[in-house]
Amino acid sequence: MSATPNEIGQIVWRHRNVIDLDGWSKDELYFLLDQARHMENVMDRPIKKVPVLRGKMAVNLFFENSTRTRVSFELAEKMLSADVVNWSVSGSSQAKGETMRDTAWTLEAMGADIVVMRHGAVGAAQYLASKLKRAIVLNAGDGTHAHPTQALLDLYTAWKHIGILEGKKIALVGDILHSRVARSDIIGFKTVGCDVVLSGPPTMMPKEIDALGCKYEIDPRNAVKDADMVYLLRIQRERQQDGLFPSIDEYHRWWGADAELLSLAKPGALVMHPGPMNRGVEIASEVADGNQSVILEQVRSGVAIRMALLYLCAGGAR
Amino acid sequence: MAELREKARLMSSQDLNRVIRRIAHEIVEHNKGTDNMILVGIHRRGVYLARRIQKLIEEAESVKIPCGELDITLYRDDLTTLFEQPVVHSTRMPQDIAGKNVFLIDDVIYTGRTIRAALEALVDLGRPALVELAVIIDRGHRELPIHPDICGKKVPTSKNEVIEVRVAELDGKDEVVICERDA
Amino acid sequence: MGKILFKDFRVFDGRCFIEADHVLVENGVISEIGKDIACGDAEVVEGSKDKILSPGFIDLHAHMRDPGEEWNEDICSGSRAGAAGGFTTIVAMPNTKPAVSDASLVGYVAAKGSSSGGARILPAGCVSKNREGKEMAELLKMAEAGAVFFTDDGSPVAATMLLRLALLYLGKRQPRIMEHPEDSGLFKGGQVHEGRVSALSGLKGIPAASEEIDVARGISLVRDTGGRIHFTHISCSGALALIREAKKEGLDVTCDTTFHHLTLNENAVINSGYNSRYKVNPPLRSPEDQAALWEGLRDGTIDAIVTDHAPWHMDEKDEPFQEAPFGIASLECAAAVVIDFKNRNYPEFPLELLLSKMTSSPASILPEKWNGLGVIKEGAAADITVLDLERTRIVDCFAWRSKARCCPWEGIALTGWPIMTFLDGRKIWQDDEEI
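So the protein lines, in turn, are chains A, B and C.
For the first sequence, the working numbering gives the first residue as 1, with consecutive numbering after it.
For the second sequence, the working numbering gives the first residue as 1, with consecutive numbering after it.
For the third sequence, the working numbering gives the first residue as 1, with consecutive numbering after it.
It should be emphasised that the hints constitute simulated quantities derived from the structure, not laboratory data.
Among these hints, one or two may not hold up.
[As the list claims (entries may be wrong)] Restricting the straight-line Cα-Cα distance to at most 30 Å, the calculated cross-link-like pairs of lysine-lysine (DSSO-like) are:
no.	chain 1	residue 1	chain 2	residue 2
1	C	K35	C	K97
2	C	K188	A	K207
3	C	K247	C	K377
4	C	K204	A	K190
5	A	K225	A	K160
6	C	K129	C	K427
7	C	K129	C	K141
8	C	K248	A	K215
9	C	K97	C	K248
10	A	K160	A	K207
11	C	K204	A	K131
12	C	K188	A	K215
13	C	K204	A	K207
14	B	K154	B	K32
15	C	K403	A	K131
16	C	K97	C	K403
17	A	K133	C	K403
18	C	K188	C	K129
19	A	K215	A	K190
20	C	K3	C	K403
21	C	K172	C	K248
22	C	K112	C	K129
23	C	K204	C	K247
24	A	K190	A	K26
[Stated by the list, open to error] Pulled a few chain A residues facing chain C out of the computed Cβ check, cut under 8 Å:
no.	residue
25	T99
26	R101
27	V122
28	R180
29	I209
30	G275
31	P276
We put the CB at the ideal spot given by N, CA and C, even for glycine.
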């Protein structure tokens with residue numbers, strides 16, 4: 001797939017729905033990052049609006065609570081002048097009685113052009129996309145499977161600081177098994193040519209790590225050594241109740257990122273986290289607030305990346 | 001995509017550079033001097049032309065006029081009808097344009113829609129005191145009531161022709177050619 | 001009753017192809033097998049070299065959802081679906097609502113099953129009362145009422161003590177226990193096989209260890225009690241290896257695998273974009289496990305192929321993968337699926353070995369009363385399926401007699417279909433195009 005513009009400066013952007021980053025080419029990723037940069041400029045203007053999506057309706061369909069991601073998408077949609085509808089569904093569709101199929105058809109009947117969905121079931125975004133005829137689907141997280149926009153904003157943030165990412169090393173530390181962020185980041189960073197190393201308790205690693213194409217270091221010090229980026233994943237308290245690790249304190253002592261662990265990375269290595277942070281669990285405050293942390297910048301990057309994605313996927317005629 | 005076939009050369013390198021020089025002087029004349037003005041080139045070729053004009057004015061008047069670049073992609077009124085998305089380029093203003101005399105610079109004016117989008121973009125960036133338009137070629141076929149204040153040359157064309165203003169920085173040489181779309 | 005002469009077929013007798021090409025059926029029984037039998041006043045069914053006359057297929061494991069969930073399937077629709085798939089005998093699983101764990105419900109299934117106009121439906125009963133896995137159900141009464149297996153299928157027998165007692169109680173002459181091999185703790189919350197697909201997708205994996213542990217438990221208890229057990233829907237190479245060793249040791253252990261585990265593996269889950277029609281328990285395993293199952297057929301470790309027909313109404317099954325119920329419905333296309341797959345992927349695998357695992361071999365696992373099924377032999381019941389190896393048809397769930405409306409092979413063209421089915425000498429189904 002070519003992501004180079006043709007002679008009149010137009011790109012053939014082949015993605016309508018964005019479900020996961022599987023199969024995206026390196027060219028496509030870098031192209032998107034480049035476009036996101038220009039979108040970030042819009043965020044700095046006195047009038048933070050461009051008419052790209054004027055007349056289009058975006059529905060933020062969130063089955064799982066998430067204020068941060070939803071607000072990020074909402075800002076991106078509004079900056080592009082789309083009409084925004086927020087639809088929060090608490091509980092599964094079965095609990096509510098309405099099937100996802102019916103929800104999908106209701107949305108189209110209402111005139112939705114773009115559906116941003118977060119759902120607790122793996123495969124939910126793909127399922128929704130298969131049921132919609134006209135509207136496009138952007139996956140804001142489907143169970144433990146994928147969170148493509150998070151990975152894209154992570155790539156964008158890293159690229160802004162480091163430049164070309166080929167050959168750079170990124171250590172992903174935490175609960176890889178249950179993390180959709182990890183799965184998407186692994187695909188994204190590998191596609192641009194990074195060396196991706198995983199670390200965390202063995203009970204929180206998928207059994208067949210080979211399938212992910214990464215190395216696993218049980219000792220995070222080996223994973224973080226000479227890394228250009230250290231990415232910490234959120235540890236959910238429920239996992240401790242499931243018996244996957246015995247206590248928060250033990251997790252923090254062995255796998256938490258503190259200044260000592262960070263000192264093993266390359267000087268100036270970026271510290272990243274998808275948020276919200278559990279201070280004192282996967283990340284110590286000294287690191288979260290330190291000058292290597294780009295965690296707040298990731299948040300800003302999120303709006304820019306989502307704007308670029310919306311422009312490319314939904315901006316034109318279909 | 002139809003093939004473009006070069007039909008004739010309208011301006012040689014010498015011709016084009018003379019026109020650019022004249023436009024630079026006309027801009028200073030319209031502005032009644034070099035105060036409170038800003039040049040804004042429209043991506044892509046307008047940006048290179050604006051920089052050249054900036055240099056020429058500096059040579060003539062010993063003043064470096066601030067020069068910005070404007071990408072109008074996100075303001076186009078035809079986005080929803082395109083199947084391929086135009087690439088977005090950067091928009092950079094060296095100063096706040098509020099209260100300034102903005103001289104928009106583009107290579108060719110055709111339907112006028114690019115300039116309409118540029119005006120909308122400018123207004124979102126600030127409130128200029130006045131906006132004037134300078135182009136190298138006016139090829140006719142306007143669809144909106146928009147006209148250049150300063151024009152290099154008026155060239156009547158048919159709808160299946162294309163005028164290319166080529167600049168050395170991008171195309172390797174300076175010239176203006178007229179091309180025809182093969183059916 | 002009528003006389004039917006099957007003329008000029010390749011005749012498969014349940015174990016191998018035989019020299020004869022004519023079979024005469026009289027009064028519901030096979031009366032003569034040979035070459036050139038005179039037709040007299042018999043109705044003639046013409047064969048050809050591509051048409052095989054086989055004993056009717058026997059499915060030891062299918063869900064009829066009746067009593068209790070008849071919108072998904074009932075004994076009549078299931079029986080007719082089976083007939084359309086070439087099956088003449090089907091064992092109905094007892095995990096219904098209420099569960100079939102007493103003689104009266106066994107009687108209900110047996111009665112409805114013998115008058116439904118399609119395949120013969122034989123009832124199975126639960127091992128435990130109400131399938132709760134705690135107390136033994138009235139196994140002898142249920143056997144007397146017609147139960148041919150005891151199983152808590154849907155789950156393993158929960159209490160090991162109960163399994164042991166049941167094995168002792170039943171000994172070697174009563175219907176077998178059919179164990180659904182799974183470790184409930186390891187299974188809990190699982191969606192797919194724990195391996196490549198669960199790593200990539202984030203879906204919770206069900207480790208192979210779950211099946212192996214329960215198979216090991218069952219084998220140990222058989223050794224301990226001298227009883228006999230049948231493991232159903234074996235999907236992992238590890239479990240198969242344990243059963244192979246147990247058989248070598250002389251323990252009375254039998255097993256089956258499903259048509260879908262032989263013909264699909266976990267890659268289908270990702271390749272289909274997490275379509276719920278590939279969600280099944282036990283899950284589709286790795287390609288290596290799939291190959292091991294064919295090896296298990298070849299070397300006799302596997303005794304039967306079953307459908308584990310799990311019909312769901314479209315409203316229930318058409319959900320995102322993680323929310324959909326487990327189960328693949330396949331009665332009407334299972335035979336074609338496996339024959340087509342074998343021809344494409346294992347052309348040297350003997351067709352007669354494959355067919356024997358659908359006929360005489362499963363019959364031998366049923367109680368003595370039914371051991372004579374699954375063969376074409378003079379004096380045997382005339383349960384006959386005509387198989388057309390050249391027939392190509394596209395799977396169309398919407399034309400099914402089953403109430404299920406989705407399956408993994410929807411829209412796919414398969415070659416090698418049953419075209420006629422006879423039960424006790426009566427035609428219970430015929431492919432429309434044959435008329």
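### Query
Which of the numbered hints above does this structure break?
Violated hints (numbers, rising): 1, 6, 8, 9, 10, 20, 23, 30 and 31; every other hint is consistent with the structure.
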